[in-house]
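Chains A and B, in that order, give the protein sequences.
Numbered according to our numbering, the first sequence spans residues 1 to 390.
Numbered according to our numbering, the second sequence spans residues 1001 to 1398.
One or more hints might be untrue.
Unchecked claim - Capping the alpha-carbon separation at 27 Å, the derived lysine-lysine pairs in DSSO-like fashion look like this:
id, chain 1, residue 1, chain 2, residue 2
1, B, Lys-1019, A, Lys-83
2, B, Lys-1081, A, Lys-33
3, B, Lys-1165, B, Lys-1030
Said to hold, decoys possible - Derived coverage of chain A by chain B (criterion: at least 3 residues anywhere in the stretch with Cβ under 8 Å from a Cβ of chain B; other residues may be distant):
id, stretch
4, 90 to 97
5, 249 to 257
Unchecked claim - Pairwise CB distance ranges (calculated):
id, chain 1, residue 1, chain 2, residue 2, range
6, B, Gln-1362, A, Arg-387, 23 to 29 Å
7, B, Ala-1148, A, His-71, 38 to 44 Å
8, A, Gly-64, B, Arg-1074, 17 to 23 Å
9, A, Thr-298, B, Leu-1373, 38 to 44 Å
10, A, Lys-86, B, Ser-1196, 24 to 30 Å
11, A, Lys-103, B, Pro-1348, 25 to 31 Å
12, B, Gln-1362, A, Ile-104, 40 to 46 Å
13, B, Arg-1074, A, His-71, 50 to 56 Å
14, A, Gly-9, B, Asp-1178, 35 to 41 Å
15, A, Glu-242, B, Pro-1348, 51 to 57 Å
16, B, Thr-1087, A, Pro-42, 38 to 44 Å
Worth flagging that the hints you see were computed from the coordinates, not collected in a lab.
Ideal placement from N, C-alpha and C gives every residue a C-beta, glycine not left out.
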Amino acid sequence: MYSITKEFGRLQKSGDFGNYVTEIDQLLETLSKARATIDSAPQSRRELLAIVKNSCSNLVEKTGNIQKDIHGSLSKYSKALDKKFKIDVETAYNRSAFPDSSKILLDRAIAMHLIREGQFSVADSLIQDSSLDIAEAIELEFIDMYRILAALRGRDLRPAIAWAASKRDQLTALGSNLEFSLHSLQFIHYFTMTTDEVTGLPVNGQQMALQYAKENFAPFGERYLGNISKLMCAFLFKSNLEKSPYVDLFLAPTAWDDVARSFTKEFCSLLGLSSESPLYLAAAAGAIALPTLLKVGTIMREKQTEWTSENELPVEIPLPENMFQFHAIFVCPVSKEQTTDENPPMMMPCGHIVAKESLARMSKGNPNQRFKCPYCPNESIPNQAIRVYF
Amino acid sequence: MSKDFNPENHILLEQALLKLPQQQMRQNFKTSQRYLERDLTFLNNAASEALESCNNGKASPDDSLMQLDVIISRLQGLKRKMVALQTEEDVLMRKSKARIAHLQALYSINSLDDQDYKKWNRIRMNRLLADNILRNGYTETAKALIEADPEIADLVDLEVLIQCKAIETSLRDGHTEDCLAWCQENKSYLKKAKSSLEFEVRLQQYVEFIRAGKTIEAIMYYRKYLVPIADEHLDSVIRIAGMLAFSTPEELESPYQDLFSPDRWQKLADSFVATHHQMLGIPMPSLLQIALSAGISALKTPSCRVGNHPITFVSNYNSSLCPICSPELSELAKPLPYAHHVRSMVDPEPVMLPNGRIYGRQTLLTFSDKAGLPKGRVRDPTTGDEWDEKVLRRVFPS
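Take these sequences, add in the hints, and give me the full structure.
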C-alpha cells in the first residue's frame, strides 16, 4: 500500500491537466496581444508573426514535457497497482454460484438486509425498481423495532417492556428472560438515579425503585424469586453500592447495550430471523475467505481444472470461531470426513461416535459382523449403533 | 492466523476500486494526447503559413489578422477541451484519493473485533450493495443508498455503471447508435484487444436491414461499414453477402438462423458488457457476488438447512443465527459447496437425549432452566420434547 500512496502522491503533483491550461492561457495572451498590436501597427506584423510562430512551436515543446510528466507518473502509479493486485479477484469466484435464476433471490436478500439495517427508504426503492414482492408487514415490524431501539438509546424502557409483555408467552416458550431483564434494568435505572433526567431536579431514586418493584415484580415472583431477592437486597448497601456484592449487577457499564442486543435478537427470533443480517455476515466471511480461495483458484487455473461440482471446498478456511461458527461440526475420527445426511454420525454402544461409512468399513460391510471400537476395548455390531444428531 | 488482522488480505477484494479510475485516467490521458496532436499540428502549420504569406507579401494586414483569428479560435477550442478533461481528471483524482484513504484505514486496524473494523466493513457492505444494485440497473435505488451513506459516494462508480447499463439496454432493444459511439471513443483499446464487438454490432445492423426487407440500405451499409474492415473478418463478410440472394426473411431462416435468432441482441449486449468491464478492470460478477460466493461456502456446513433450528438457544454454536440457514440466503447457498473441516467442534461435555440429539450438558441445563422447567427436567431445544435429567447419556464424539 505504501508504494501506491507514494506514487499517487507523485501523480497528484505532476499529473495535473491544469498545467496544459496554464500554458494554453499564456499562449492565448501572447496571441491576443500580437493581434492587438498588428491591428494598431500593421508594420510590426512580420516581427510579431514570427513571435507567434515561435510561441506556437514552444507550446508543442511545453505540452510535450507536461505529457511526459503525466505519462511517467501515471504509468508508475499503474505499475504500483498491478504489483499490489497481481491476481484477478475473479479467480476466487465460483462460477456456478449465481445462476441467472438467482438474481431475484439476491435482490430479495439485499432488500431484506436494507430493511434489517433500518434503511427503509432505500429498501422501498429497491423493491420498486426490482418489482420484488416483500410483505409490507415485515418492514412494519422492523420500523417498530427501530422505534423501540431508539427509545432504549434514550434510556426509555417502556416501549420495550410493552412489546415484551405482549409477546410474553412466545418468549417464555423460547426460554427467553427478556421481559424480566427489562424490568430489572428499569429498577436498577431508578435505583441509581439521583436527578430527574428531564428537569435535572434531585429525586429519590431508591424510593422510585421500591415503588416500581411493588408495582411490577409480583408476576415474576415464581420464576425469578432469586433475582428479585438479589435486587431488593441492594437497599442494604445503598450508601456504598460500589463496594457491595451488587456492584456488577447495578453498575455494569454495558447493561443498556446488552439489553438492546438481547431485545434485537428476540425480536428477530420471533420473526424467524437472525439478529445480524445474514448478507452482512456472509459478505464479511467472504472477505476473510477470499485470500485462501484465490490461492485455490490460481492452482486450479494452472492445472486447468474447474471449480468442481463436488460439494465440499478443497481446503479449510480459517474463520474466527467466535463470529462465524453456527453449527456443531462432527468430523469422523476414523475417515476424517464431515458427516452428512448420507453419511450420518452413528454412536456405538460404548458411546463413541463414527461416520456410518466408517462403521461399514470396519465391519467389512456386514451389519452383523462384530468389530472392536477403534477407541476402546468394546466390541459391537453395526446394527447396534444408533443415528445421532449434533 | 484468524486472530491476527491482515489488511493485505482484505484489500484483495478492492482491486477495481483503484484500477477503474486509473484506467479512466489513462483514457483521459490518451484523449488529451489526441487533442494536442491534432490541434497543435494545425496551429503550427497555420502560424508558419501566416508568417510565410506575410513574408512573401501574399497576405494583407487584414489577411494576417484573419489568419491570427483562426489560430486564436482553434486554441480556444483546445483550451475548452482541455478544461473539460481537467474537470474529469479532478473527479478521478478525488475519487482515487478517497479510495486510497479508505483502504489505508485498514492498516490501522488490529483485529476483526475492532469497532473500527466493523465501521469499515459497514461502509464496504454498502459499497458492495451499491455496485450490485447498479449492475442490475436500479439507478434510483443506488442514488438513495448513496444519499443514505454519503461516505460511499466517492467509492462507487455510479456514472460508469449507469452509462454501461444504458448502452447494454439500448443494444438489447436493437439500437446500435450508443454502442457504436462508445466503440468510436474507445477505438484504440478495442483494436489492441482485438475485439470484434464493433464488427458484430455492424453486422447485426446489416442483418436488420435485410430482415426489414430494405435491400438497398443493406447494400449501402455493407459497403460503407463492413467492406472497410473485411480484412479481419473476411469469412463473415463473405458469408453474409449471400443473404442478399434470398428474397424473404423466412427463406433466410435456415442458412442464417444464427444471425436471425432473436437472442442475437441479447448476446451482443452481453458481449458489450464483457468488453466494457474488461477494459476498465471491472470483474464480471458483482463484488457482492464474489464476496458471497466465498463467504457462503466458508460458512456452509452439512447441517445447514432452512427452519430446522431452535430459535433462542445459546450454545457455543448458535445455529439459529446461522446466515446460511436464514430464509434470505438458504436458496442462494444451494449451488455452493460447503466448507472443509478437519476437526470436530462440539459443545463441551456432550450428552445425548433419547431421541439421538447431542448437546453440551451445561448448555442443555441452562436452556431448560431458562425455559422455566422444574429442576431435574430437560427440554430438547430443537424438538421441544421433555425428559428427566437422568436419561442424559454421556457420549464421546472423538
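Violations among the numbered hints: 5, 9, 11, 13, 15
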